[in-house]
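Just so you know, the sequences run in chain order C and S.
In this note's numbering, each residue's number is its place in the first sequence (first place is 1) plus 232.
In this note's numbering, each residue's number is its place in the second sequence (first place is 1) plus 23.
Honestly, the hints are just simulated from the structure, not real lab data.
Hints should not be assumed to be uniformly reliable.
Cβ-Cβ distance ranges computed for the label pairs, FRET-style [what the hints assert, rightly or not]: (1) I284(S) with T268(C): 46 to 52 Å; (2) K247(C) with A89(S): 50 to 56 Å; (3) V513(C) with F174(S): 16 to 22 Å; (4) T275(C) with V137(S): 40 to 46 Å.
Quantities reported herein were computed from a predicted structural model and do not represent experimental measurements.
Backbone N, C-alpha and C define an ideal beta-carbon position, used for all residues, glycine too.
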Amino acid sequence: MVLMKMKFPFEKRMKLAQGLWLLSWIATLAGAFTFTLGCFLKTELRRRAEVMDNTEIHAVPNTLMIVGLASLGINYFAGRMCQDALDAGRFPRWKTFLQPYWGVSLLFTLLMLTTVIMSYAMKGNLEWSLKIGLKNGIRFYKDTDTPGRCFQKQTIDRLQMEFQCCGNTDFKDWFEVQWISNRYLDFSSKEVKDRVKSNVDGRYLFDGVPFSCCNPSSPRPCIQDRLTNNSAHYNYEHQTEELNIYIRGCREALVNYYMGLMNTIGAAVLSIFLVQSSVLVSLRYLQTAMEAVAGQENTEIETEGYLLEKGVKETIMEYVTPVLVFLQLNQVGSEDAEAGETPAK
Amino acid sequence: MAVLKVKFTKTNRDKLAQVLWILNWVSVVTGVILFSLGLFLKVEINKRWELMAERDLHYVPNMLIATGLIACGINFLGGKICYDCADTTKFLRWKLLMLPYVICTFFFTFCILVGALMCYGMRGELEEALDLGLRDAMRYYKDTDTPGRCFLKRTVDLLQIQFQCCGNFGFRDWFQIQWISNRYLDMSRREVVARLRSNVEGKYLMDGVPFSCCNINSPRPCIQHQITNSSAHFNYEYQTEELNLWRKGCRQALLEYYTHIMQSIGFTVLIIWLFELSVLTGVRYLQTSLENVLRQGDPDSESDGWLLENSFVETARSNFNIIKSLGKCNQIDTANNGDPNINVPSTAYYGPDNLPSKQIPMAS
Chain C
233 MVLMKMKFPF EKRMKLAQGL WLLSWIATLA GAFTFTLGCF LKTELRRRAE
283 VMDNTEIHAV PNTLMIVGLA SLGINYFAGR MCQDALDAGR FPRWKTFLQP
333 YWGVSLLFTL LMLTTVIMSY AMKGNLEWSL KIGLKNGIRF YKDTDTPGRC
383 FQKQTIDRLQ MEFQCCGNTD FKDWFEVQWI SNRYLDFSSK EVKDRVKSNV
433 DGRYLFDGVP FSCCNPSSPR PCIQDRLTNN SAHYNYEHQT EELNIYIRGC
483 REALVNYYMG LMNTIGAAVL SIFLVQSSVL VSLRYLQTAM EAVAGQENTE
533 IETEGYLLEK GVKETIMEYV TPVLVFLQLN QVGSEDAEAG ETPAK
Chain S
24 MAVLKVKFTK TNRDKLAQVL WILNWVSVVT GVILFSLGLF LKVEINKRWE
74 LMAERDLHYV PNMLIATGLI ACGINFLGGK ICYDCADTTK FLRWKLLMLP
124 YVICTFFFTF CILVGALMCY GMRGELEEAL DLGLRDAMRY YKDTDTPGRC
174 FLKRTVDLLQ IQFQCCGNFG FRDWFQIQWI SNRYLDMSRR EVVARLRSNV
224 EGKYLMDGVP FSCCNINSPR PCIQHQITNS SAHFNYEYQT EELNLWRKGC
274 RQALLEYYTH IMQSIGFTVL IIWLFELSVL TGVRYLQTSL ENVLRQGDPD
324 SESDGWLLEN SFVETARSNF NIIKSLGKCN QIDTANNGDP NINVPSTAYY
374 GPDNLPSKQI PMAS
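Bound conformation, chain C alone:
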C-alpha cells in the first residue's frame, strides 16, 4: 500500500510548485548560512588550538561546511525542478536525474541531523582534549627559551585573562608545577635550595600563581604568592577569599564557551534541517503527482501524490534484496560446487 497518499488537483499542483520554489530559495540561503556557521566554529576552535591536544572536535565544523555546500546544490536543483514542474512537457526531462538525486539529498540531510547530534555528543571528547592541552600548556609555561614552546607563557596568560580562569581544573594546578624557570631562580639562596630538595623531582614548587590569574574585580591588590598562608598577608583568609584570583578552572571555562556556541549552532542547524526536510517532502509529492500526469492528453487532471509507492518495509526490501542476492550468489556458488562434487563421488 502507498505511503501517505494525497490528491492533487491542477491548482494545488501549481500552488505546490510555486510554494516549493520559494521554499527552495529560502533553503538555499539557509544552506549558505550553515556553511558560514561551520566556518565561524572552525575559526573559533583554531584560535585556541594551542591548548587543545587533538583536532577531533573539528569534525563538527567540517561536516557543517560540507552539508552547507551540499544543501546549496540540492536546493538549487529543487528550485529548477519545480520551475519545470509548472510546464508538464518539461518535467519528464528530470526523470533519470531524480534517482541519484534522492540518494544524495537524503544522505546529506541525514548528515545534517548527525552533525547536530555530534555537536552535543562530542563534549566529552572536547573536554579530554582540553584537559591534556592545558596540562601541557601549564607544564611548559616556564620554557620561554625552548623553541616551539616559547609562546606558551603568552598563550596561557592571555587565555586566563580573557576567559577569567586560572589553571586547568582550578588554581591549585599551579602549585604542582614549576612555573618559574631555573634561569630566574637564585640557587645560592637557602630558601630556593630547600624547596628544590623538598620534592622528589627537584622542582621549585610553591603556593603561588602567575599574575594572569589575578581578578581585577578584587577590592584589594592581588595576592599572588603564599596563597595558602593566612599569616603572610594582613587581613587575609584564604578559605573565604573568593575575589582575589579567578576560582574557575580554564578547562571548565573553555568547555562552557564552546558548548554554548555549539548549542546555539545546533539549534539553528536543527531548524534548517526541518526546512530542508520539508523541501524534500514537497518535492517528492510534486514529482509523484507530475509523473502521473506524464503521457496524459489532458495535463490538468487530478492526480495522486505519495511518498513511497510501496510501504516502508517493502521499499527497504526492494533496495536491500539485490545486495543480499549479490552476497548470497557467492555462497550459492560454493554450495553448488560442493553439491557438484558430492554426486561425482
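Got chain C; can you put chain S on it based on the hints?
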C-alpha cells in the same frame, strides 16, 4: 556676468534632474552614515567617562548626530524636488521654494564642514580631559570601599590590560601615589610605619605597580614589587629591563586610540561634505536653468544655468542692500513722493501664462 555659466538643452536638464534625484537618495544614505558615526563617537566617549575629567567633549558627536538627521531630511526633500523638476509643469509647484532650499542647503553643507574640522580640533581638549581623568582615577584606585569610586580599581585594571599601558605618563606614576588601601596595611609592622613616616603626607609609597601593568610578552614571571631594586631579584637589571611591564603610558595609549577614531570619522565626514557640495551645485544649476526656461517662455528651448547671476562682488553688495533695506521697512519711500499707491513696474518672475504684465504708464 554670471559665475560659471553653462548651457543646458532640454535633454540635459532632464538628465540632470534624474541624476540629482538618484544622488539625493544616496545623500540620504550618507546622512544616515553621518548620524551613525556621531552615535559611535558618543558611545565610545561614554564608555570611558570614568577616566575623563569634566570637559565639554559631547558637542562634537552631538553636532554630527544633528547634521546627520538634518541631512536625511534635506536630501529627502531634494530628491522629491529633483524628481518633479524633470517635468516643467510640476516644477512650478516648487518654484518659490527652490531658492530658499538652495540657501538652506548651502548653510547646512557649511555645517558639515564645521563638523569635520571639529573632529580634528577636539584632540587638545581630549588630551586635557584624559590627563586629569587618569590622574584622579589612579589616586582613587585604592578607594574600593568609597561609594562612587568602588569600581575605579576594576576600570583602571581593565584599561591597563586592554590598552597594554601602565600609569598616566609611565609606570613611575604609581610610585608617587598610595595605591594600597590602609585596610590592607598591617600598621603593627615596623617597616609599614617607617614608610608612612618617611613622607610628609603620611602616604604608603613604594616602588611597586598593580598586576595589570604586567607585560604578557615577558619571558619571566612578572616583577611587580621592588622594581627599582636590581638586587632584590635574581638576574634582574632595572635599567635594561624592557619587557617586564608595559612601557607606554595610558594617556598616550587612549589618545592614540581616540585620535585614530576621530581622524577616520573626520575624513569620512569630509568626503560626505564634498559629495553634498556637488549635489548642491547640481541643484543650483538645475534651479537656475529651469527658471531661465520659464523666463524665456519655451519649455523645450535651451537655457543657461549659473551659480550666481552677477559676479560675486555684485551679489554680495545687492544682498547687503537687501539686508539694509529690511531695517528701513518702516521708513517711507521718498522716491515716489511718499505715495505707496503708485505702481512701480517690477522685474519679478511671471505667472503660468508666461506673459509679461502690462506696463502701467506713470502718473505724470
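Which numbered hints turn out to be false for this structure? 1 and 3
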